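The listed protein sequences derive, respectively, from chains R and Y.
Going by numbering that gives the first Met the number 0, the first sequence opens with residue 0, and the numbers climb by one from there.
Going by numbering that gives the first Met the number 0, the second sequence opens with residue 0, and the numbers climb by one from there.
By construction, these hints were calculated from the structure, which means they are not laboratory data.
One or more hints might be untrue.
[As the list claims (entries may be wrong)] Mimicking BS3-like on lysine-lysine, the simulated pairs with C-alpha atoms at most 25 Å apart in a straight line are:
(1) Y:Lys-247 to R:Lys-104
(2) R:Lys-123 to R:Lys-260
(3) R:Lys-276 to Y:Lys-82
(4) R:Lys-82 to Y:Lys-276
(5) R:Lys-242 to Y:Lys-82
(6) Y:Lys-104 to R:Lys-121
(7) Y:Lys-286 to Y:Lys-276
(8) R:Lys-82 to Y:Lys-247
(9) R:Lys-247 to Y:Lys-82
(10) Y:Lys-104 to R:Lys-123
(11) Y:Lys-82 to R:Lys-143
(12) R:Lys-82 to Y:Lys-242
(13) R:Lys-178 to R:Lys-156
(14) R:Lys-247 to Y:Lys-104
(15) R:Lys-259 to R:Lys-247
(16) R:Lys-154 to R:Lys-132
(17) Y:Lys-143 to R:Lys-104
(18) R:Lys-121 to R:Lys-218
(19) R:Lys-265 to R:Lys-276
(20) Y:Lys-154 to Y:Lys-178
(21) Y:Lys-123 to R:Lys-104
(22) Y:Lys-132 to Y:Lys-156
(23) Y:Lys-104 to R:Lys-104
(24) R:Lys-104 to R:Lys-82
(25) R:Lys-123 to R:Lys-218
(26) R:Lys-143 to Y:Lys-104
(27) R:Lys-143 to Y:Lys-113
(28) Y:Lys-143 to R:Lys-113
(29) R:Lys-104 to Y:Lys-121
(30) Y:Lys-260 to Y:Lys-218
(31) Y:Lys-265 to Y:Lys-286
(32) Y:Lys-143 to R:Lys-82
This structure is a prediction, so every number in the text was calculated from the model and none was measured.
As a plain string of letters, each chain reads:
Number of protein chains: 2
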Amino acid sequence: MSSFCITILGSSGALPAYGRHPSAQLIEIQNRYFLVDCGEAVQIQLMRYQANLHRINHIFISHLHGDHYLGLMGLIFTMHLQKRQSDLHLYSHRGLDEIITTQFKYSHSAPGFKIIFHRLEKDKREIIFEDDKVTVETIPLHHKITCSGFLFREKPKPRRIDKTRLPPGLLLQHMASLKKGEDIVDDEGNLLYKNQDLTLSPRRSRSYAYCSDTAYFEKMIPQIQGVDLLYHESTFTVDESQKAIETKHSTAAQAATIAKKAGAAKLLLGHFSARYKDLTPLLEEAKEIFDNTLLATEGEQFTIAD
Amino acid sequence: MSSFCITILGSSGALPAYGRHPSAQLIEIQNRYFLVDCGEAVQIQLMRYQANLHRINHIFISHLHGDHYLGLMGLIFTMHLQKRQSDLHLYSHRGLDEIITTQFKYSHSAPGFKIIFHRLEKDKREIIFEDDKVTVETIPLHHKITCSGFLFREKPKPRRIDKTRLPPGLLLQHMASLKKGEDIVDDEGNLLYKNQDLTLSPRRSRSYAYCSDTAYFEKMIPQIQGVDLLYHESTFTVDESQKAIETKHSTAAQAATIAKKAGAAKLLLGHFSARYKDLTPLLEEAKEIFDNTLLATEGEQFTIAD
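Chain R on its own, in the form it takes in the complex:
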């Protein structure tokens, strides 16, 4: 079993309210730890949920509205004070490097580790992180300022060896061939075993899309088609549709419509306006359109099964 887990650190819209904190999520995929957005007090939320902040090496900031990045500086100062050594990669649209370096300048200090800024391209899909197991790509969104969502995907996985059918005497190199989907042949190239007789199909590659902040925006649908889990902002209920249009946010019904059209397996709602103390109306509105919907509130963990 390998892990794929999202922990909600903040679920509020621009104004924190009722114990809800601004946007932040911790995403763990096979022992890689990513942060997506860094609302104010994210370091306090990480401590609350017992996350080890030094395992976080990549932080993705959707856009430079305060409720999505104001916790970053405190987190970085804390990493610095706790003697972090390893590089920290920050992904953002233009400006984050200036915001951070200005603050280090006036604190008369410099981080004891390397910060690597990656500037996101405006209105363009791009792969911004890739290793042997995972890719992260940007999802262009439609908001008041340039804003990107993020799509986390596992890479295709190897075929699984069926231990119940394994003949004796196989070598390590044979096992590697099987995982790659190759048959086993002898030195002369003669077939010894067909791959399909000794292996099971690979586990599926899981995916998670984070889409916040955005107005209703159908252009994202092809990119997130069939995603296992979709987090889509739902700042308002449908009776505040006009407000949603003005502020370039979405209603719960719009989030659910995107989930349905994209064939997502599950939908998470978040980025709730401070006008809602009780979030049930948002959940019910979405479930009318897309039943498999949940509220992404502080401390909730969502695991995507293997």
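Guided by the hints, dock chain Y onto chain R, whose structure is given.
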């Protein structure tokens, strides 16, 4: 009865821990609301303790280490989103204006109210706020970067009219004369009543000194002599004296020594290092030297009696 009340919003040192938040205090003097320092999540703390953030018109930042100002931007964004109209005065050493304007620039917005930056002078006492009832002056401190404490003082108060001894037939102008300490005379200048026969002495003028962050620094003593309430940072216990010297912070014993030498009436300890889960050792260490000492932890309110 007029009010003079300090609410502790944050008591931690640079690293938040055990539910303690970075430095911030709300100070209310006769319906004037001041913030001193603005550690991360100060807006959330203000909401927690049901403070009306729109009544705050003056914010004093001691120095530009993150744990003393990182909550300011979130607070300002929230004031902006909540349609604040009135001016906001910010007092800080060099850099805060650049930090704030850079962040507004990249959020592609501008505050809907006027922000007036007041740059504090380095290593110099100065009166930075004054109205008919209150003055605020800076207290030069000794820290790793330029840092000022703040001394809040009520102005001298008028004599109080003793209603039990008031003769009939006095006019409004007579009352005003009495409050000023003048005798009451008739149109020819003849004495009708001596002031001291109809009035009581004025209530005393109360004072509060906020001294954080600082190493042990006796130069502050003359300025804070006889203060009613002294908040002095006590990051460490005495067994971490070497660490206090290196980081230019104080021990609890040093805070108590300053309180004693300054003849303060009461001492508050704060800015506690994350190494202390239990704060009792800090309190006991200070009380050995200066008995009237209290811990300034989150949510505590300290009132100075009239």
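The hints, checked one at a time:
1. Y:Lys-247 to R:Lys-104: Within the cut-off at roughly 19 Å; holds.
2. R:Lys-123 to R:Lys-260: Given pair R:Lys-123, R:Lys-260 holds - Cα atoms ~21 Å apart, limit 25 Å.
3. R:Lys-276 to Y:Lys-82: Judged against 25 Å, a Cα distance of about 21 Å means the pair holds.
4. R:Lys-82 to Y:Lys-276: Satisfied, since the Cα-Cα distance of roughly 21 Å is no more than 25 Å.
5. R:Lys-242 to Y:Lys-82: Between R:Lys-242 and Y:Lys-82 the Cα gap is close to 16 Å, so the pair holds against 25 Å.
6. Y:Lys-104 to R:Lys-121: Holds: Y:Lys-104 and R:Lys-121 sit about 17 Å apart, inside 25 Å.
7. Y:Lys-286 to Y:Lys-276: holds, 19 Å
8. R:Lys-82 to Y:Lys-247: Measuring from Cα to Cα gives roughly 19 Å; hence the hint holds.
9. R:Lys-247 to Y:Lys-82: holds, 19 Å
10. Y:Lys-104 to R:Lys-123: holds, 23 Å
11. Y:Lys-82 to R:Lys-143: holds, 18 Å
12. R:Lys-82 to Y:Lys-242: Judged against 25 Å, a Cα distance of about 16 Å means the pair holds.
13. R:Lys-178 to R:Lys-156: holds, 9 Å
14. R:Lys-247 to Y:Lys-104: Judged against 25 Å, a Cα distance of about 19 Å means the pair holds.
15. R:Lys-259 to R:Lys-247: holds, 20 Å
16. R:Lys-154 to R:Lys-132: Answer holds: R:Lys-154 to R:Lys-132 is near 5 Å, not above 25 Å.
17. Y:Lys-143 to R:Lys-104: holds, 14 Å
18. R:Lys-121 to R:Lys-218: holds, 15 Å
19. R:Lys-265 to R:Lys-276: The hint holds at about 24 Å.
20. Y:Lys-154 to Y:Lys-178: holds, 14 Å
21. Y:Lys-123 to R:Lys-104: holds, 23 Å
22. Y:Lys-132 to Y:Lys-156: holds, 8 Å
23. Y:Lys-104 to R:Lys-104: holds, 18 Å
24. R:Lys-104 to R:Lys-82: Measuring from Cα to Cα gives roughly 19 Å; hence the hint holds.
25. R:Lys-123 to R:Lys-218: Holds, at about 12 Å.
26. R:Lys-143 to Y:Lys-104: Holds. R:Lys-143 to Y:Lys-104 sits at ~14 Å (cutoff 25 Å).
27. R:Lys-143 to Y:Lys-113: Answer holds: R:Lys-143 to Y:Lys-113 is near 23 Å, not above 25 Å.
28. Y:Lys-143 to R:Lys-113: Distance of about 23 Å is within 25 Å: holds.
29. R:Lys-104 to Y:Lys-121: holds, 17 Å
30. Y:Lys-260 to Y:Lys-218: Since the Cα atoms of Y:Lys-260 and Y:Lys-218 sit roughly 11 Å apart, the hinted pair holds (cutoff 25 Å).
31. Y:Lys-265 to Y:Lys-286: holds, 11 Å
32. Y:Lys-143 to R:Lys-82: holds, 18 Å
In summary, this structure violates none of the numbered hints.
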